[in-house]
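Q: Once you've looked at the hints, dock chain G with the ligand against the given chain R.
Here the protein sequences line up with chains R and G, keeping their order.
The numbering used here applies: residue 1 is where the first sequence begins, and numbers increase by one.
The numbering used here applies: residue 1 is where the second sequence begins, and numbers increase by one.
Since the hints were derived computationally from the structure, they do not count as laboratory data.
Be aware that one or more of the hints could be misleading.
[As the list claims (entries may be wrong)] Listed below are several chain R residues computed to face chain G (Cβ distance under 7 Å; list not exhaustive):
| id | residue |
| --- | --- |
| 1 | Y102 |
| 2 | F124 |
| 3 | P197 |
| 4 | S287 |
Please read all numbers here as calculations on a predicted model, not as lab measurements.
Beta carbons: idealized from backbone N, C-alpha and C, even for Gly.
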Amino acid sequence: MKYAFYPGCVSRGGCPELYPSAVKVAQKLEVELEELKDVGCTGAGVLPQYLSDPINARTFAKAEGLGLPIMTICSTCQGVMAQANYRLKSDPAYREKINREYLAEEGLEYRGTTEVKHLLWILFEDYGLDRLKSLIRRPLKGLKVSPFYGCFLRRPPEAITPTKELSRRKNYLDELIEILGADLVDISGKGKCCGFPILTASEENSLAMVAKHTGESKEKGADCMVTPCPLCHLNLDGNQPRAQAVRGEKIDLPIIHLPQFVGLALGFDPEEMQLKRHIVSTRVVESRVEMLA
Amino acid sequence: MQITFKVYRKDPEGNGKPGRSEYTVDLSDDATVMDGLLKIRDELDGTLAFRASCLRGYCGECTMRISGKSTFACTAKVSAFTKKGPEIALDPIRNIPVIKDLVFDWDAFLWNKIKAVKPWLEPREGPANEEHRLPDAVMKDLRQVMSCYYCGLCDEGCTVLPVDFDFLGPAALTKAYRVAFDPRDRDGKERLRIAEQPKGVWDCVHCFEASEHCPRGIAPTERIVALRDKAFQMGISHEKVARHHQSFAASVKESGWVDEGRLAVESEGLTNIKGLMKLLPTAAKALVRGKAPLPYVHSKRPGADRIKKIFEKGERERK
Ligand code: SF4
Chain R
1 MKYAFYPGCV SRGGCPELYP SAVKVAQKLE VELEELKDVG CTGAGVLPQY LSDPINARTF
61 AKAEGLGLPI MTICSTCQGV MAQANYRLKS DPAYREKINR EYLAEEGLEY RGTTEVKHLL
121 WILFEDYGLD RLKSLIRRPL KGLKVSPFYG CFLRRPPEAI TPTKELSRRK NYLDELIEIL
181 GADLVDISGK GKCCGFPILT ASEENSLAMV AKHTGESKEK GADCMVTPCP LCHLNLDGNQ
241 PRAQAVRGEK IDLPIIHLPQ FVGLALGFDP EEMQLKRHIV STRVVESRVE MLA
Chain G
1 MQITFKVYRK DPEGNGKPGR SEYTVDLSDD ATVMDGLLKI RDELDGTLAF RASCLRGYCG
61 ECTMRISGKS TFACTAKVSA FTKKGPEIAL DPIRNIPVIK DLVFDWDAFL WNKIKAVKPW
121 LEPREGPANE EHRLPDAVMK DLRQVMSCYY CGLCDEGCTV LPVDFDFLGP AALTKAYRVA
181 FDPRDRDGKE RLRIAEQPKG VWDCVHCFEA SEHCPRGIAP TERIVALRDK AFQMGISHEK
241 VARHHQSFAA SVKESGWVDE GRLAVESEGL TNIKGLMKLL PTAAKALVRG KAPLPYVHSK
301 RPGADRIKKI FEKGERERK
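Isolated chain R, as found in the complex (with noise of 0.2 Å):
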């Protein structure tokens, strides 16, 4: 089993604790990857369209040539890369445009045949629950756990749909946290947005859905969340303390990123998986960690 990994800017940047434990945990689970090194960031929807397409179509072209599917680490990169991946199959005409007038130059062409898969759907999809559950090493019992997914896991439905998974998809992280044998505690906003895109034109709004969330999964009785996206990470986890201050109270929810969970289930240590590296303290899954080992 093999992919093309595309690591994503904030993995190794404000998340670089993401890459490592990707990488570690892949390595477990004899997932080969051969890292996509020469292409650029997804435009993570801010670079408009005209850019993000022809640098993403690039990125294609070059996994197409090395024959594998891409994996990602991250929702935004996922999403930012479906829907661009959508409009390039969709329609021939637009990727003969790219082709000529961006990849040509390079020798390159997108044929339109790559798939992009996050790490998260190639578990369920790809590599599949029964091998997973076998390696399992350490069931995160007593763990209680709530899912937030990152938008572009679930949205929108048309860079989604063209696989007959969709609407399970919807609810992988949540089946993910049973399966670990951690105890799901369901939140209202696990599919909705963290706040982190506006967190330049909104502070307020953005912080707000920051204590919004963390503070009802804590509210629940939840000791961490789990996020497949490392840019909810970066609002959920770095500016949590500065959201507590918007709710007037202490929240202190760690938010644990989705490699470094499965990690712990397949028996890494959280020193291993960089828990530590955290803004908000690990420390309450750290010690349930180590009761379980």
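A: What follows is chain G with the ligand alone, placed relative to chain R:
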């Protein structure tokens, strides 16, 4: 079949507290939720308040939450909601002040906001002698937007409204799109300016909830993104957002990926001491944990020159 409706009431006991009333009615197998409501009102409780008008899924008046799902009561079959048992919960849609029971405040919810974007065309010159012709593609696009029901389902799904009711919201901003993208309007710029005020397009998180909720396939989220892009092109922009976008583009152009440290600093503005100070506590914490990306200490990715070429070409063509 006997169906029990558990309906939200704003003040059933007259003590200022909301509650629920339960009504059991006998309905045919193909009945709609609206059939149930009308029967309740006619036969059991004339004080139950709800809105209804066209009764065929066209006017958007009877938008409500049916066992948690927001939709129109007049087209929702009862049988679709009773698979787990003969009970249906009815609630007013979220994010909106309730006047009574299932009747919410349309003015506060939608009309005031729609009015705020000046939803009318102002012709370029005086009355024309002949009709204004529009290219087919433009008209097709606008017609889709004009098919809006004003049902409010997009606002119901909105992520921003629950934390900030003053946000214009997807329905009103979609209306702004309708005018701003109409070539017949004298000054599409005017609507862009309104839309880009605080509580306008820059407050949208583009989470695509609105598009997912819209029963007409109008794609309100995409319309808001288009308004933003157009505002940018015309040089109308939120100051801080513009800095953010410029910094983002500059670092990807130079190195192939985002320099997050630089992005944080430049978004605040290099001379904005107060803004920069605000970053310090988080930056300090992140530094201690070895995760603060230092601004401008950012290596080029392999292939960065190729990315730069894409930028140069794209930018040239846009000019
Ligand atoms: S844009 Fe769609 S969801 Fe929003 S009010 Fe119009 S028809 Fe309803």
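Q: All hints, please: hold or fail.
A: The hints, checked one at a time:
A least Cβ separation of about 6 Å between Y102(R) and chain G falls short of the 7 Å threshold, and the interface hint therefore holds. At a threshold of 7 Å, the smallest CB-CB gap from F124(R) to chain G is about 21 Å, leaving the interface hint violated. Evaluation of the P197(R) hint against chain G yields a held restraint, the C-beta minimum of about 5 Å falling below 7 Å. Interface restraint check: S287(R) against chain G, minimum CB-CB distance 19 Å, threshold 7 Å, status violated.
Of the numbered hints listed earlier, those contradicted by the structure are 2, 4.
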